[in-house]
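Enquirer: Chains as they are written, first to last, in UniProt numbering: chain A, 1 to 396; chain B, 1 to 396; chain C, 1 to 396; chain D, 1 to 396.
Everything labelled a hint here was simulated from the structure, so no lab data went into it.
Do not take every clue at face value.
To be verified - Straight-line C-alpha distance at most 27 Å; calculated DSSO-like pairs for lysine-lysine:
#1 Lys116(A) - Lys282(A)
#2 Lys384(C) - Lys282(D)
#3 Lys242(B) - Lys391(B)
#4 Lys387(B) - Lys242(B)
#5 Lys109(C) - Lys52(C)
#6 Lys282(B) - Lys391(A)
#7 Lys282(D) - Lys282(A)
#8 Lys387(C) - Lys282(D)
#9 Lys282(B) - Lys282(D)
#10 Lys385(C) - Lys282(D)
#11 Lys385(C) - Lys282(B)
#12 Lys282(C) - Lys387(B)
#13 Lys52(D) - Lys116(D)
Said to hold, decoys possible - Going by beta-carbon spacing under 7 Å, a handful of chain C positions derived as facing chain D:
#14 Gly68
#15 Gln303
#16 Ala383
For glycine and all other residues, C-beta sits at the position ideal for the given N, C-alpha and C.
4 protein chains.
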Amino acid sequence: MNTHLETAGISPRALEIADKVEAFVRAEVVPFERDPRLGAHGPSEELADELKALGRAAGVMTPHILEGGGHLTQRETAAVLIRSGLSPLGPLACHTCAPDEGNMFLLGKVGSPELKERFLGRMVDGSMRSAFFMTEPAEEGGAGSDPSMMQTTCRMDGNHWVINGRKTYITGADGAGMGIIMAKSGDGACMFLVDLPDPAIRIERVLDTIDSSMPGGHAVIAIDNLRVPADQMLGEAGEGFKYAQVRLAPARLSHCMRWLGACIRAHEIATDYANRRMAFGKPLVDHEGVGFMLAENRIDLKQAELMIYWCADVLDTGAPGTTESSMAKVAVSEALMRVADRCVQCMGGQGVTADTIVEQVFREIRAFRIYDGPTEVHKWSLAKKIKREWKAQAEA
Amino acid sequence: MNTHLETAGISPRALEIADKVEAFVRAEVVPFERDPRLGAHGPSEELADELKALGRAAGVMTPHILEGGGHLTQRETAAVLIRSGLSPLGPLACHTCAPDEGNMFLLGKVGSPELKERFLGRMVDGSMRSAFFMTEPAEEGGAGSDPSMMQTTCRMDGNHWVINGRKTYITGADGAGMGIIMAKSGDGACMFLVDLPDPAIRIERVLDTIDSSMPGGHAVIAIDNLRVPADQMLGEAGEGFKYAQVRLAPARLSHCMRWLGACIRAHEIATDYANRRMAFGKPLVDHEGVGFMLAENRIDLKQAELMIYWCADVLDTGAPGTTESSMAKVAVSEALMRVADRCVQCMGGQGVTADTIVEQVFREIRAFRIYDGPTEVHKWSLAKKIKREWKAQAEA
Amino acid sequence: MNTHLETAGISPRALEIADKVEAFVRAEVVPFERDPRLGAHGPSEELADELKALGRAAGVMTPHILEGGGHLTQRETAAVLIRSGLSPLGPLACHTCAPDEGNMFLLGKVGSPELKERFLGRMVDGSMRSAFFMTEPAEEGGAGSDPSMMQTTCRMDGNHWVINGRKTYITGADGAGMGIIMAKSGDGACMFLVDLPDPAIRIERVLDTIDSSMPGGHAVIAIDNLRVPADQMLGEAGEGFKYAQVRLAPARLSHCMRWLGACIRAHEIATDYANRRMAFGKPLVDHEGVGFMLAENRIDLKQAELMIYWCADVLDTGAPGTTESSMAKVAVSEALMRVADRCVQCMGGQGVTADTIVEQVFREIRAFRIYDGPTEVHKWSLAKKIKREWKAQAEA
Amino acid sequence: MNTHLETAGISPRALEIADKVEAFVRAEVVPFERDPRLGAHGPSEELADELKALGRAAGVMTPHILEGGGHLTQRETAAVLIRSGLSPLGPLACHTCAPDEGNMFLLGKVGSPELKERFLGRMVDGSMRSAFFMTEPAEEGGAGSDPSMMQTTCRMDGNHWVINGRKTYITGADGAGMGIIMAKSGDGACMFLVDLPDPAIRIERVLDTIDSSMPGGHAVIAIDNLRVPADQMLGEAGEGFKYAQVRLAPARLSHCMRWLGACIRAHEIATDYANRRMAFGKPLVDHEGVGFMLAENRIDLKQAELMIYWCADVLDTGAPGTTESSMAKVAVSEALMRVADRCVQCMGGQGVTADTIVEQVFREIRAFRIYDGPTEVHKWSLAKKIKREWKAQAEA
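Isolated chain A (complex conformation) (with noise of 0.2 Å):
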């Protein structure tokens, strides 16, 4: 067990989860980091379903979510989720992997009781993963972090609303078996539920991307008149910015809260290796070139994790916490990077091979500074709402 992890504050049943999931990581998940089944684009279907079954049997598969439907608090999932990512494969295993944990949180929040029980449960027993087709391609000018960008269309003809348009970076896809479409109406922004595969749905390609770590790997996907029954639409139409607003803070803070895991194990493994191997006369960690940059580690840990706590709790005061859950992305991916890159050069020639998961953690943290918006779109809407304080301070 990790002994620097904060448990002050902690429900003693989300502790007791959280330690059930951080036994179940270490001693069944880890042995897979070097399964031959890992490819660049993930973990194949078979090692995924080997995993969550492995999950299941452990009784930690989407350990956040409760018998009867209940959620953990954000505060509780967090103590969860860090430790089910000390694994970059502890997520699937667990079944708290992006896209799914954000898709079943907004389901969960905004659906009706009708598409709960015809999608919800599938997806909460890990009998399917799901994807989440809002970003466009760049070349075609599409919506990146600027939604107002969205050229999907959707528009209805009798009782079925007609999709078209093209996404990409789209999240496990590829194998999914179901998925949530955002697209634009006269009235707005709409999302629908899906049924995945589906012939109107066609993966152009998956994606080569920096990252491996999730199945499906991210595909560009081209929608071409699929047809989706009506009552398929989640919520409201003209809606569908609000709900993205939903999903957003908390998926992007459980993002936060996995790759936190994933770079505490990365510490682990630098701080042993930089204990055994010895330069000039000492063992790694005696140079403090070496001990300092393992100091930087633990100080950049731990702060963010305070963030991730800090961030949860606003969420569950009922706040949509917009601006703390942007603070808590760029704050954490930031500091995870800086964590990542130190892990690989305290081990040296060894840190960039992937004999250890500490060069995968750093490409994956390479990646989440740009997923769910990056840095400097967080940074830019921090800015905006600085100003926005300021005049209103102003002419109180």
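Since chain A is already given, all that's left is putting chains B, C and D on it; use the hints.
Expert: Frame of chain A; chains B, C and D shown alone:
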């Protein structure tokens, strides 16, 4: 009131004091920030007395020590001391300043009833300032970050101790009414309480330093055959380093608290400037180059605050908190340096003038990265800790 | 002599002057570095005169301007000015300081023979100081980094120009014997040479600023119906910004040269300290935490030097060098800030005292990141340039 | 042609070669950048051969080695190798790649006429690849950054040497036609030239690493009773470390050259993207958050280039350049990491895909900060140098 400071998790009694302190500092202390009696060696004694009189009248003198001698918890203390720091003069006016705050804390923890009776009351009511004599001149190989190098000696002579040596960087010694002196006997380090001034304790000079907030500045001292009655020893002979540790962690953390307050204020000033000043056709804040700096400040300030409360909670469990206060000291001082630097930069030419406190805060924080252990010394001891933990775990 | 400075590629005549300047600064100027006549607003006039007399006697007065009015190339100037900066007082003693160096350069380039006759000789021989009146107060929306915001006006009245406005941050105005004033006419910006002091040019106050090396400090000025004979206009009416550009790039670069010298010296002092001071059983330099900082300094100093020579070479081709001097200014000022900061840190408590120049150099460099265009303004104009170049290439 | 690269100070013959190389790489190599034969362990042998055939046909094969065996100066080599690096495949196509470039250089400097005759021709004409066997596995305490830890042994047996040991991170060993092996005899370190493959040199596995530009990848090797005829020793017995030094500085610098080229190209791609991609109503480049990153890239790239030429000039004087190449390696690799990171970030989601080389360059540069001595090892040796210089000066 600054609406970004944490209030959740702070006790009502502490919040009440904190609000009173904030209101006092903003309304009554800030107007003195350009007082001509502010010199390079800190505020004059006259100004200091005037400010303390205001603090006394406002009922915020030594606000973290309760009637009857009780002390707020560290978490509560943080809420109060952060607000007292909203002006560089605030800690002086509220008597929450260094080194007095730490000296009172130490005496409260370790002092015999007799010593408390004789010294503590006068300290708590702000009627005299105190000094802590520990650091020694580098050019003679004296004790700096490495206390084992201490050269000041004390030896028994009848019922007195005789102390000889030189000290440097003794904050507030010039003008202090009492002091705590550290010296080495055959049994190890000892601490003594002495009345000041004393002819055997000669102020050789007051250093010109980059900071300027502390009355009396920082002095170089020669101690020449100082005779101290045996009953003025603090605690037991040979336990001096242990007592220094008792003082160290909370004193270090209280520095973080006060300077966080100062940087929050500097950020308010920079924010105001950036919203009013135009350049290239729009207010500075609308330039991402400036707006992003303010956004980064908000994140750094929040992280600093969270680290302080985290460490305070550890201390409130009764743990020594050596590691945690090292982590907090490094994280907070480095974050505040970034904040102060950005505030200067956002304000352009205006930022390097004394027209606002931003320039002073920048200088103070620069020194803070060295006071109470430079960043590197804390990283060094963290690295040692990491090694010890690894060893313990490897053997288990 | 500093053996790390480049000599390859420097002309023999420049190296000869440079060596003489270095020897002079080290032997004759350095002893004045703790002179009591050094004040918060810079050296007193008496001290300045004494230093200049020494420089004159040593044959290093305005050493980059040759007998007969010739000027060293920018590359040669760099070799000399870097050495003159080895003490913060060196540029004053050698009269290579700002704003005089830039004013002489501008007058040499743009001035009519009559104006040169009247003003330049007295500037070059160091018998008077000069000032450059450009920046305006922010609180009135005047010109700072954005010169288009200039509010000071000039209008013809008979054979005189009448100038009105306010200026701020006017270095050395207090005590100067002449000045160059920038003001806006109907035809655009104009520049005027004026004798100082003049009752119509009132020094409202000298600012308290973080830096303290320049005699006369930085003043706020009110210009009230100043009448200037028409023949004291520098060049043509409406060409003021063009002339400002002529002055800008080399003046900016000469700042880099002088402060590089100062940081080289600070690094020497820190190196000496780190080799003598013991901590935890060995000299500081043997602690990687300190030794690495010195190593990083060496790299930063070398890069700063190379950028200066690179930009100097561009200017020596006759190119305006606007982009290159922006790049050099950002690179050098930011690198020197890191160097100065590390020097302070290496020296611990000693680093924040005025016992060595390290503390002053740190403060000066902080201001340098804002003088002559803050880092952000240069990045902004570089980004514009990058866009223009892309466009030109895309269209080609 | 990239118009920002230095041409002043480069000889006409070098510029001519450099231009030819740049034209070749841009026109003929770039189209292969998404070739399916690029694998995780580098380009396939087939692809490598195809590229080298193109280079040969274009007259740019080993362009820094002249007809008749002469070698461009290091300054000239820089001009050429930077351009060859404009594609990650360029150094392969032009045969300026590691480890061949360094092996050819070493053999050219140290090899006997017989050894040159036997090996050098085939290396220069690109008909075979070579490997350099130095680094040893960490888990067995072998030589990494600290060469004194070398465990591979060689002993005389008749007129042969018998070599035993294990090596790791042996770039290009898989598929190489010859190798240089380092081993320890009773007299000290020795170097041997061997034909490859050889049954006594077993490739245990090719490591999965973060980089992927080098054919053959990086292998773990077991050397088991390899018998090498005595006349295949390079130079003298016991002089191995001296020869390693001969190779080291220029090889290290040539890494800087090639990767600078790659980062220049990545910056071109990011610039193009930032000018085309819209967000929030304007092209990315008009957002200071992006524009400033491109500006910082331009500065970093220029500084990297200047450091390379500076170090090249030192080597061209015949000096060993150990310190200078350490400084250049640290400065360039860290600067290029920042550049590559900013390129990724400017491109958002697109930046982490393999659709452009930006993602690969980021990965390669990450490894480069460790290859040929991690940053920390160079800082360590610089700190030692600083101490030695101080001592020499203090004693003088």
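Enquirer: So if I understand the rule, the pair passes when the alpha-carbon distance is 27 Å or less; does Lys282(B) with Lys282(D) pass?
Expert: 16 Å, holds
Enquirer: Lys282(C) and Lys387(B): Cα distance at most 27 Å?
Expert: 20 Å, holds
Enquirer: Straight-line Cα separation of Lys242(B) and Lys391(B) no greater than 27 Å?
Expert: 25 Å, holds
Enquirer: Sort out whether Lys282(B) lies within 27 Å of Lys385(C), counting only the CA atoms.
Expert: 20 Å, holds
Enquirer: Is it true that the CA of Lys282(B) sits at most 27 Å from the CA of Lys391(A)?
Expert: Cα-Cα ~15 Å, so holds.
Enquirer: Given the hint that Lys387(C) pairs with Lys282(D), test it: the Cα-Cα distance must not exceed 27 Å.
Expert: The hint holds at about 13 Å.
Enquirer: Verify the proposed pairing of Lys385(C) with Lys282(D), using a straight-line Cα cut of 27 Å.
Expert: With a Cα-Cα distance of about 17 Å, the restraint between Lys385(C) and Lys282(D) holds, given a limit of 27 Å.
Enquirer: Just to be careful, I want the Cα atoms of Lys116(A) and Lys282(A) compared with a cutoff of 27 Å; is the pair within it?
Expert: 60 Å, violated
Enquirer: Need the status of pair Lys109(C), Lys52(C): alpha-carbon distance at most 27 Å?
Expert: This hinted pair holds, its Cα atoms lying about 25 Å apart.
Enquirer: Can the hint on Gln303(C) be confirmed by a CB-to-CB distance to chain D that is less than 7 Å?
Expert: 5 Å, holds
Enquirer: Checking hints one by one. Is Ala383(C) an interface residue toward chain D, by the C-beta closer than 7 Å rule?
Expert: Result: holds, 3 Å to nearest chain D Cβ.
Enquirer: Please work out if Lys384(C) and Lys282(D) have their alpha carbons no farther apart than 27 Å.
Expert: Status holds; Cα separation ~14 Å.
Comparing the model with each earlier hint shows violations of hints 1, 7 and 14; every other hint is respected.
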